[in-house]
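Could you build the full structure based on these sequences and the hints that come with them?
Here are the chains, one letter per residue:
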Amino acid sequence: MSNIDARGYAHPEVLVSTDWVAQHLNDPSIRIVESNEDTLLYASGHVPGAVNVDWTADLNDQLRRDYITREGFEQLMSRIGATKDTTVVFYGDKNNWWACYAFWVFQLFGHSNARVMDGGRIKWEKEKRPLTRDVPSYAKTTYKADDRADAKHRAFRDDVLAHMQAKRQLVDVRSPDEYAGTRLHMPDYPNEGAIRGGHIPGAKSIPWARAINPDDGTFKTADELKKIYCEEKQLSPSQPTIAYCRIGERSSHTWFALKYLLGFESIRNYDGSWTEWGNMVNVPIEK
Amino acid sequence: MPLSKLETLLETFDMFPDPADRTNLLLDYADQFREVPPEVATRPFPESHHVPQCESDAYIWAMKNPDGTLKLYFAVENPSGVSAKALATILDRTLSGQPARDIATVDCGIVERIFRRNISMGKGMGLMAMVDGVRALAKRALEDKSANGSSTDAE
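Chains V and P, in that order, give the protein sequences. Residues -12 to 274, numbered by the numbering used here, are exactly what the first sequence covers, in order. Residues 113 to 267, numbered by the numbering used here, are exactly what the second sequence covers, in order.
Careful, some of the hints might be misleading.
[To be verified] Taking lysine to aspartate or glutamate pairs in the DMTMM-like style, the calculated list, with each CA pair at most 20 Å apart, reads:
#1 K110(V) with D169(P)
#2 K131(V) with D72(V)
#3 K251(P) with D219(P)
#4 K110(V) with E189(P)
#5 K154(V) with E252(V)
#6 K113(V) with D169(P)
#7 K115(V) with E189(P)
#8 K117(P) with E189(P)
#9 K113(V) with D133(P)
#10 K113(V) with E189(P)
#11 K176(P) with D204(P)
#12 K220(V) with D164(V)
#13 K183(P) with D244(P)
#14 K115(V) with D143(P)
[Said to hold, decoys possible] Some chain P residues close to chain V (C-beta under 7 Å, calculated; not the full set):
#15 L138
#16 V194
#17 N230
The hints are simulated quantities; they were obtained by calculation from the structure and are not laboratory data. No residue lacks a Cβ here, since even glycine has one placed at the ideal position from N, Cα and C.
As structure tokens, this is what we get:
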């Protein structure tokens, strides 16, 4: 279903179609941002006018395992020529994992004027829409960001431990084998250092990909999502919820779906995820 | 010197420590990618030629030349498979025309040397699997002494 408004989402305004993006390529109030896992993809061709935001170089602190500071975010927004009034539209590879991740990091700084392009880069490509290697240049802006406010959108290990002990809703969005502890990483991905396998006790296994239509990567309708998350897995949108995966990118995708498409009232992303939990000493693990 | 073309290419990549320069170099190779010709294989490509772990859906073929050397062919089904196309072109340029015994010794470490920071988490395993697949076909060609002038029979 291409008509996003007809899908019954709680906040349909955060999702835009490839058609919508195509119609706004020259809109100065819009900044299109590509965020990928594959570092070659943007350079190989991108949506005309789109800027590249790299999840490691642009969004992560280069020393600590943390995100950029307020000053770093201000510099990033200045570089991409965005003001607080700019509508930032994210898209990327891997069915928008990194687009949702970047969207999530932007929310830590309160830039709520943000959207995700439904279906991501692969849908744009399959529709044979234009791609260019021309890197756009936008006049630098002065962007005054809020201090990073993690509490609303981000969960830390102690939050997760308390959440787990209170038997609140936890969603493990990794593959079933990772959840079961039979592998420590995604199929075809390297093991990035988790010592123990399994899942956080009480977490429900709902792999991220269940939220999308496999043929074009678009999000399922609200009714279809409710059947999975609320009926089959018995999650309540009114209850505090934490999603996690391996490093927080796949769970950003689920965070986006639960918060904006199903209207979960309190949903946080645990970006420490399994690379933190699976290495911590003396925390409970289930298999 | 065995695989001197490959070594020369690796030395060329070493001269480009800047990620942006390296990206452009890799894109040049990706742009030069040529898919396996229909006289060698047509869709649907057989699963036996599919590279496991490669999210770009790469396929590899190796044909024996009359002199015993190999000619490599590739297909990359994912339209976003830029890295796989770049590596396929590099492997073809540097290994095709080489004896199977030399190709069988190629080290998967060349992937890291070529891609460096341009290697993403998901790509690395798949690209190394491509090199592994080439090595496996070369080893099979060595074992297949009776198949002179034919496909290395990876089916």
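Status of the hints after comparison with the structure:
{"no.": "1", "hint": "K110(V) with D169(P)", "in the structure": "17 Å, holds"}
{"no.": "2", "hint": "K131(V) with D72(V)", "in the structure": "12 Å, holds"}
{"no.": "3", "hint": "K251(P) with D219(P)", "in the structure": "13 Å, holds"}
{"no.": "4", "hint": "K110(V) with E189(P)", "in the structure": "15 Å, holds"}
{"no.": "5", "hint": "K154(V) with E252(V)", "in the structure": "17 Å, holds"}
{"no.": "6", "hint": "K113(V) with D169(P)", "in the structure": "16 Å, holds"}
{"no.": "7", "hint": "K115(V) with E189(P)", "in the structure": "15 Å, holds"}
{"no.": "8", "hint": "K117(P) with E189(P)", "in the structure": "27 Å, violated"}
{"no.": "9", "hint": "K113(V) with D133(P)", "in the structure": "29 Å, violated"}
{"no.": "10", "hint": "K113(V) with E189(P)", "in the structure": "12 Å, holds"}
{"no.": "11", "hint": "K176(P) with D204(P)", "in the structure": "14 Å, holds"}
{"no.": "12", "hint": "K220(V) with D164(V)", "in the structure": "18 Å, holds"}
{"no.": "13", "hint": "K183(P) with D244(P)", "in the structure": "16 Å, holds"}
{"no.": "14", "hint": "K115(V) with D143(P)", "in the structure": "18 Å, holds"}
{"no.": "15", "hint": "L138", "in the structure": "6 Å, holds"}
{"no.": "16", "hint": "V194", "in the structure": "4 Å, holds"}
{"no.": "17", "hint": "N230", "in the structure": "5 Å, holds"}
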